[in-house]
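There are 2 protein chains.
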Amino acid sequence: MGLIVQKFGGSSVANADRVKNVARRVVATHLEGHQVVVVVSAPGDMTDDLVEMARGITDRPPAREMDMLLATGEQVSIALLAMAIHAGGHEVISLTGGQARIRTEPVHTRARIVDVDRRRIDQELEAGRIVIVAGFQGITDQEEITTLGRGGSDTTAVALASALGADLCQIYTDVEGVFTADPRVVPAARKLREISYDEMLEMASSGALVLQTRAAELAKQYRVPLEVRSSFVDREGTMITNNSIERRRVVTGVTHDRNVAKITATGVRDEPGAAYRIFRAVAARHVNVNMIIQSVPRHERADISFTVGTADLVAAVEAVRSVAADVGAEDVLADDGVAMVSAVGAGMISNPGVAARMFGALAANGINIELIATSEIKVSCVIRADDVERAVQALHAEFQLDRE
Amino acid sequence: MGLIVQKFGGSSVANADRVKNVARRVVATHLEGHQVVVVVSAPGDMTDDLVEMARGITDRPPAREMDMLLATGEQVSIALLAMAIHAGGHEVISLTGGQARIRTEPVHTRARIVDVDRRRIDQELEAGRIVIVAGFQGITDQEEITTLGRGGSDTTAVALASALGADLCQIYTDVEGVFTADPRVVPAARKLREISYDEMLEMASSGALVLQTRAAELAKQYRVPLEVRSSFVDREGTMITNNSIERRRVVTGVTHDRNVAKITATGVRDEPGAAYRIFRAVAARHVNVNMIIQSVPRHERADISFTVGTADLVAAVEAVRSVAADVGAEDVLADDGVAMVSAVGAGMISNPGVAARMFGALAANGINIELIATSEIKVSCVIRADDVERAVQALHAEFQLDRE
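Residue numbers (this note's numbering), protein chains in the order written: chain A, 1 to 404; chain B, 1 to 404.
These are computed hints drawn from the structure, not numbers from a lab.
Honestly, I wouldn't trust all of these hints.
[Stated by the list, open to error] Each pair of labels, with its calculated beta carbon distance range:
#, chain 1, residue 1, chain 2, residue 2, range
1, B, D17, A, R150, 24 to 32 Å
2, A, R24, B, T310, 35 to 43 Å
3, B, N15, A, R298, 55 to 63 Å
4, B, E91, A, R112, 23 to 31 Å
5, B, L209, A, G309, 46 to 54 Å
6, A, P225, B, A283, 51 to 59 Å
From the three backbone atoms N, C-alpha and C, an ideal C-beta is built for every residue, glycine too.
Chain A extracted, bound-state conformation:
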């Protein structure tokens, strides 16, 4: 008997049959004697449809009203799922982000969760109910509806699991777990039984779409026991915990991310504050920057390159142009024909030479590297988007990830 938080994505509740399928899964867990809190996303394409409706009105909807609009998607899901569970004769209640008291900062379209007041959820669980909570949304102190940004339902699930001290947080998705590489690119890719928080975080932030980066971050921070598994196949997924049995392996997985664009400010004056000015301008537009590379200055001028998500390219270029004169930049170049490939593994810490092997494997396949960034357990390379599949295949083979 424990408390389990289960999160189901939009494709898991895309139609009535799928909603009923999720209901069966939730009820099965409940009947095993667990208390269950379920987090759901908006059904299927509803969020996209709502965005489309807003575009029919204006190109620049105010962020507050976008949140008001988009929050309806999850509200539809929680009501339908509660109906399906109720139809099976089980006690259940749905709660909006506001009713579940998921308090966020007063920021729209990408708010962060400040805390969760668990009293209402506790009260419903104590009454023997299955509790369905709308993912992706929260409420401010002023009762304003906020959303957490795309993929925010994962974050809701992990935040709830943490606040409630859950024994397990299960992320149900359309893949069976975390793989050594995207199986659509590498047919020999293998499902991992277990990986560490750090590895999950690096994989999520470098293109593995199974879990939202912020959710991985939060899970790591609060040590939330996490499982990524399939909504459609009842099979064990990948456990994400503090200790990885795959630790002796040098590289655990290879990820890639096509959602990358590169911006370069050329000939920036090599003086204190130049980078600060550029990235302050970028941050002011709420653009997340991934890699930042500054070239070695020549004649007191340097090039500064960085990567952002493709959706943020226009805003990022605008930001850099707005300060180009201040920092003496000669030109601002935008390139959305790039992608990123990364090798991730906790074993890298004690195994030098992973980066060298990676560069060697790419070179052997004639793949040029444009930018490089490393962390303790990851090496990432920006390459041409056209090369990305070959790069992933080459690295998966190089590190022998098809072998158990």
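Following the hints, position chain B against chain A.
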């Protein structure tokens, strides 16, 4: 400079162009120097679509979860309308029923408004904003989302107008005002410039769909100055006030209602408490009863007939059957092939003989009357549904309603 509440129905916000049209109307009022609070319904068929989604899950969705689901419709409308007004460069904010603090009883799918805490709305108006409020929905003391039942947006508008002490409450709809009869049935029907609260209430409750009955009731109770007018044509509608200039007219309008079903319990024992038992059972199922007729008892047995909305027929029959043995009823008959035709006019009070003229006109057209009910200013007859158009035409002619 005053405060105006404007209510727009679902067909007025059914698509992007119509939302923009509503935005123009609202902004025009704002630019005349008024403070404007707007109430909107769910777009077009969205409520029906949501009901359909629920039916895909279960035939008997819990009322609480239906409210959770249906409340999303108006939330979509308020967000889109706020976006359209904002796009025109005006300060605006949308508020859900909960954010607008429209407090209701803790009853689902047909809650009554208990009160409106005007502080949030006042604060937004004082900041110079146009305020858009979701119709049809409210919130309980326990933060539960409730809905007011179909047509509840009219009630929201009148309740807000009353709570805010508005100078005028405009109900924008797809007809140009209140007519002497349904123009689709009587081409010579005339738009009324003004009618009294009592007349509006009787007309609304007897089939005139321009205004929801509870809204008319509330408007009468709190003396809210009301105008019913067209969303699509910018023309004066019908004013509903305490004094009707049409008072000297004996009959102001003829209404009809096809949404009527008749239930008869035959051979009920003529003893104290029999009617009480029947209608307590009906009320327990939240069914609104319209007419009630008890026949003159013969051999200590009487027939009790009453009418309900067709949607409530099954529930009402179940209710009567559940107490049939207790009251000695011989049979419970259900008939949904009936309709109601009514003549309404404040002038009836001082003009006896209206009922007689009405029965005469129906008889002259070979129309049989099954039940009769009267109020001070209304005479209603239940007839066969097939006769309803001819009945309305006959009565409109009899009382010369085509003449100014």
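Cross-check of the supplied hints:
At roughly 29 Å, the beta-carbon separation of B/D17 and A/R150 lies within the given 24 to 32 Å, and the hint holds. One distance hint, 35 to 43 Å for the beta-carbon pair A/R24 and B/T310, holds here, with the actual separation near 36 Å. Distance hint check: the CB atoms of B/N15 and A/R298 are about 59 Å apart, consistent with the given range 55 to 63 Å. Under the hint 23 to 31 Å, the C-beta atoms of B/E91 and A/R112, about 27 Å apart, fit the expected range.
At about 50 Å, the beta-carbon gap between B/L209 and A/G309 stays in the expected band of 46 to 54 Å. For A/P225 paired with B/A283, a C-beta distance near 52 Å keeps the hint of 51 to 59 Å intact.
In terms of the numbered hints stated before, the structure departs from none.
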